[in-house]
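Student: These protein sequences, in sequence, are chains W and U.
The first sequence begins at 112 in my numbering and counts up one residue at a time.
The second sequence begins at 925 in my numbering and counts up one residue at a time.
FYI, nobody ran anything at the bench for these hints, they're computed from the structure.
The structure presented is a predicted model; accordingly, all values stated were derived computationally and were not measured.
Every residue, glycine too, gets a C-beta built ideally from N, C-alpha and C.
Where hints are given, some of them may not hold.
As the list claims (entries may be wrong) - 20 Å max Cα-Cα, derived EDC-like pairs, lysine to aspartate or glutamate:
1. U:K980 with U:E969
2. W:K152 with U:D951
3. U:K980 with W:D214
4. U:K1027 with W:E133
5. U:K966 with W:E133
6. W:K152 with U:D1007
7. U:K1027 with U:E969
8. W:K131 with W:D214
9. U:K991 with W:D214
10. W:K152 with U:E969
11. W:K152 with W:E198
To be verified - Some chain W residues judged to face chain U by a derived CB distance under 8 Å, without partners named:
12. H118
13. S120
14. L155
15. Q216
16. F218
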Amino acid sequence: GAVVSQHPSWVICKSGTSVKIECRSLDFQATTMFWYRQFPKQSLMLMATSNEGSKATYEQGVEKDKFLINHASLTLSTLTVTSAHPEDSSFYICSASGGASTDTQYFGPGTRLTVL
Amino acid sequence: QKEVEQNSGPLSVPEGAIASLNCTYSDRGSQSFFWYRQYSGKSPELIMSIYSNGDKEDGRFTAQLNKASQYVSLLIRDSQPSDSATYLCAVSGQAGTALIFGKGTTLSVSS
Chain W
112 GAVVSQHPSW VICKSGTSVK IECRSLDFQA TTMFWYRQFP KQSLMLMATS NEGSKATYEQ
172 GVEKDKFLIN HASLTLSTLT VTSAHPEDSS FYICSASGGA STDTQYFGPG TRLTVL
Chain U
925 QKEVEQNSGP LSVPEGAIAS LNCTYSDRGS QSFFWYRQYS GKSPELIMSI YSNGDKEDGR
985 FTAQLNKASQ YVSLLIRDSQ PSDSATYLCA VSGQAGTALI FGKGTTLSVS S
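Please model the entire structure based on the sequences and the hints provided.
Tutor: Pasting the structure below:
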């Protein structure tokens, strides 16, 4: 149980385009989803926390107009990187909590974004 | 500011040995404690959760919690080369809030 999927697993895009990443909880209802970014050989950096039906709460320094987060249902959250630039190239990972263990976070496999 | 501290390592152990990973946290009100394993280029994978003082065993893994000392540890018995990864300690204050992660300890198990 507690499976989280992400799509796509990797994406390459041109500078200036927007990219949408989907995060789904497959076998439980995720009341809260989290989005992280991780640069090579660095630790996880929390970008935002989202609760179903509510606006996301962004961490300090994360541009909410650039990283649009939507948590429209209990099984789906999306992260849209708008007007992507090469410095946005990173490993984006979502996690979800909910179901029987509301404090445990289960991670998706991650999405590797490369902006040319 | 709530912090979770881990020795970055690398911690090197021979195959078959016990690997001991340690973590301290600053928020005395923390209630839930987790160990995740992250292989290079992959996302974190949950290994253990622990909520009460004492030991919790799951296969080759044992998590230990001492709330008075604000200390969490993970023991890996009979370490295997496949255990080579970065181990992340994470702490939570309450359900639905973001986990506070340590920077991770890199474990290398040599055959």
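Student: Next step is simple, just say for each hint if it's right about the structure.
Tutor: Going down the list of hints, with the structure as the test:
| no. | hint | verdict |
| --- | --- | --- |
| 1 | U:K980 with U:E969 | holds (18 Å) |
| 2 | W:K152 with U:D951 | violated (26 Å) |
| 3 | U:K980 with W:D214 | holds (18 Å) |
| 4 | U:K1027 with W:E133 | violated (26 Å) |
| 5 | U:K966 with W:E133 | holds (17 Å) |
| 6 | W:K152 with U:D1007 | holds (18 Å) |
| 7 | U:K1027 with U:E969 | holds (15 Å) |
| 8 | W:K131 with W:D214 | violated (27 Å) |
| 9 | U:K991 with W:D214 | holds (18 Å) |
| 10 | W:K152 with U:E969 | holds (17 Å) |
| 11 | W:K152 with W:E198 | holds (16 Å) |
| 12 | H118 | violated (14 Å) |
| 13 | S120 | violated (10 Å) |
| 14 | L155 | holds (5 Å) |
| 15 | Q216 | holds (6 Å) |
| 16 | F218 | holds (4 Å) |
The structure shown violates the earlier hints numbered 2, 4, 8, 12 and 13.
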